[in-house]
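Trainee: Using the hints provided, position chain B relative to the given structure of chain A.
Those protein sequences? They're chains A and B, same order as listed.
Using the working numbering, the first residue of the first sequence is number 23, and each one after it goes up by one.
Using the working numbering, the first residue of the second sequence is number 96, and each one after it goes up by one.
Hint data in this document are derived by calculation from the structure and do not stem from the laboratory.
Where a beta carbon is used, it is the ideal one built from N, C-alpha and C, also for glycine.
Now the in silico label distances, taken between C-beta atoms and shown as ranges:
1) B/Leu238 to A/Thr140: 49 to 55 Å
2) B/Ala232 to A/Gln151: 46 to 52 Å
3) B/Leu191 to A/Asp214: 43 to 49 Å
4) B/Leu227 to A/Glu147: 47 to 53 Å
5) A/Glu204 to B/Arg257: 29 to 35 Å
6) B/Asn202 to A/Gln30: 52 to 58 Å
From chain B, some residues computed to sit far from chain A (all C-beta separations above 12 Å):
7) Leu242
8) Leu251
9) Trp334
10) Arg373
Here are the simulated lysine to any residue pairs, SDA-like style, with alpha carbons at most 25 Å apart:
11) A/Lys149 to B/Gly261
12) A/Lys149 to A/Asp196
13) A/Lys149 to B/Arg260
14) A/Lys192 to A/Gly108
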Amino acid sequence: MSRLVVRQLDAFYGDFQALFGISLEVAEGETVAIIGANGSGKSTFLKAVAGALPVARTAVELDGVAVGGRPAHELVDRGVTLVPEGRRIFPSLTVEENLRVGAYRGRSGRWTLDRVYTLFPRLAERKRQPGTNLSGGEQQMLAIGRGLMANPQLLLIDEISLGLAPVVIKQLYDVLATVTAEGITTVLVEQDMSQVLRIARRVFCFRQGIVSLSGRPGELSRGEIAAAYFGT
Amino acid sequence: MGWLDTVVQGLLLGGLYALFATGLSLIFGVMRIVNLAHGDFSILAAFLAVMLVDALALHWLLALAVVVPLMALLGYLLQRLVLNRLLGRGILPPILVTFGLSIIIQNALLEAFSADSRRVNPGGIDTASLALGGGLAVGWFSLITLLVAILVLIGLQLFIGRTRRGRAFRATADDQATAALMGIDDRGLYALAMALSLGIVAIAGIFLGVRTTFAFGSGPDRLLFAFEAVIIGGLGSLWGTLVGGAILGVAQTVGAKLSPGWGILTGHLVFLGVLLVRPQGLFARQRRRD
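Just chain B, with the same shape it has in the complex:
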């Protein structure tokens, strides 16, 4: 494998990381809370997809079409029934509650699916590749993942930039108290944001499950990569998230090429480097407050 190939694989991996990071970034941007169970929800979605694919012999794309709305509904209910009760009580309660949820989900998955590693049956897509010439080839699946990430980001950007609710998202993120005076019900809006967040992370989890094996405890790693992608890209910047994911992906594949054990470590080091040099991230939106 040449270096160019390594970088291309890393860029494509960035698409997957961006999918993980987008929902996290959205929730933090609108509500200023961090969902520590974000990665575990993605693994939950992947297990649901495995169940559907194995039990009903569904194609994984069909399973995706079933699981994503289910997870969005779960997100809506989670916000309405649990997280909205914590509003206005400082930053600690949401952190504690989502941390607790993370542990509950992991243990429930362990109970339900055992500690075995699982994979979503890819139906052959995982080995198909596209020759780009010059000895370079990319996997169709990685390409599709990146494409889906880009489509999700475009969709989200149109939603946030062009629609009435999108404006309400931005206004609430700017200044919740004033947004409430405009008649924006923050609780309903937060529930919608959480539905979007878990819907998107369900896509990420299922793509992860098709790409590689996962187990009940795979969530926290995913959360960490998502965090890193968000921080590298800059909080509040959707496209920054994609760039952050790509940088993290390239760092990991390049590190792994130098020595097989260095991949994850290199990713973390690059993340720390960005944090040192540009703590606000590469594309942080400059906010003026008065």
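Just chain A, same shape as in the assembly:
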């Protein structure tokens, strides 16, 4: 069964249209990647699914229920969590408080403070420090941990790799692989394909607000991906 069904999704910023009739499905427990250049609509897509942008009700379906345009807090209750681009750690909150805010709605599930600390021991060591005192990689751990604290059934992660060193990106993806292995449905948005294709079962390439290519990573050639990515 599909956890997420997106049908003919259009999204706008004021008069500017960012997405044009996007349709895709993500099966329960599946990990998919959305790749594409800057401005191709990847982040907009995640925001639309997470309720941060107004979209048509029927455009987004979650476990068979049309939820397009519902407010973000209602979608969090339904198990949708977005880990936003650029981490967006709350500077006034400590590491632990950032994690607790992730659990604000109190959805029950397997993710607790202890489990997040087991997943990312670095966070446990620095839990009393302001969240923004952490390094970029640690802040990304915190952002992912904060997202998990909401006990999502659909986890949306925007650009894990943004501004991080390759070795850190690899570590983060190693940890993420153990999370997705537990069966949490995950949509990963990336510009940098080196790691994401390792753990994604399917990949969608966005270009100028449409899906320009989709398929299984192993079945797509570099040339095909490059063509879909850059439009050459």
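Mentor: The following block gives chain B in isolation, referenced to the frame of chain A:
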């Protein structure tokens, strides 16, 4: 009156100013809007207290216990029914709407209570004083006012620092869009903040009304002093608000001692001085943004 006495009176007056300023600071901190009717709401609360005290012969503390929740409810409804509709439309609409509210409240008070100055019957507390020795004496009422201000600030700090909703307040103040992604419904949170703000300013208004006389148009002065206390103390700092109120209070009493007409002016000058030297305020919380 010696200088020491003057300074002590000013410090105690600061407690009252802090009570006025706290709600204003809270609302600005969480929502980034300025409630220009803040002072008028305090005067509204004072009139409600006068009504209860005079009509039902209640003690003013009992009137306070009735009026504060009423004003908090009013704040909740104001946010839910009016101010939440203005979200996301820039900074101007909330300013215009609260400015309009300020005028509406003043005129409604004029209509209902006439232009006469009123006072909440203090029941004797206003003249009772505590001798500190050395010829120094402080009024019990001023002391209680400062104590209440400190208790309110402690309560607010515990709420903001320790509770789930307090964390949500801080997260929303940092970054509303991301807080919404965590499932924090900003509209509900703002209504709670406005309820707290008007509840606290109702305490301030009633303490003002017990301390001195007031009339329908006393609100804007209170708003100005509250602003000054917040700016001197530094935006976003609760205890800074108390220090800001104390500095403003001392400036006013010292100025008034130099010459009876200089009190308010001296307060404004000190405020301008702080604005020139340290525009972010004395205890501004340093925010790092990336």
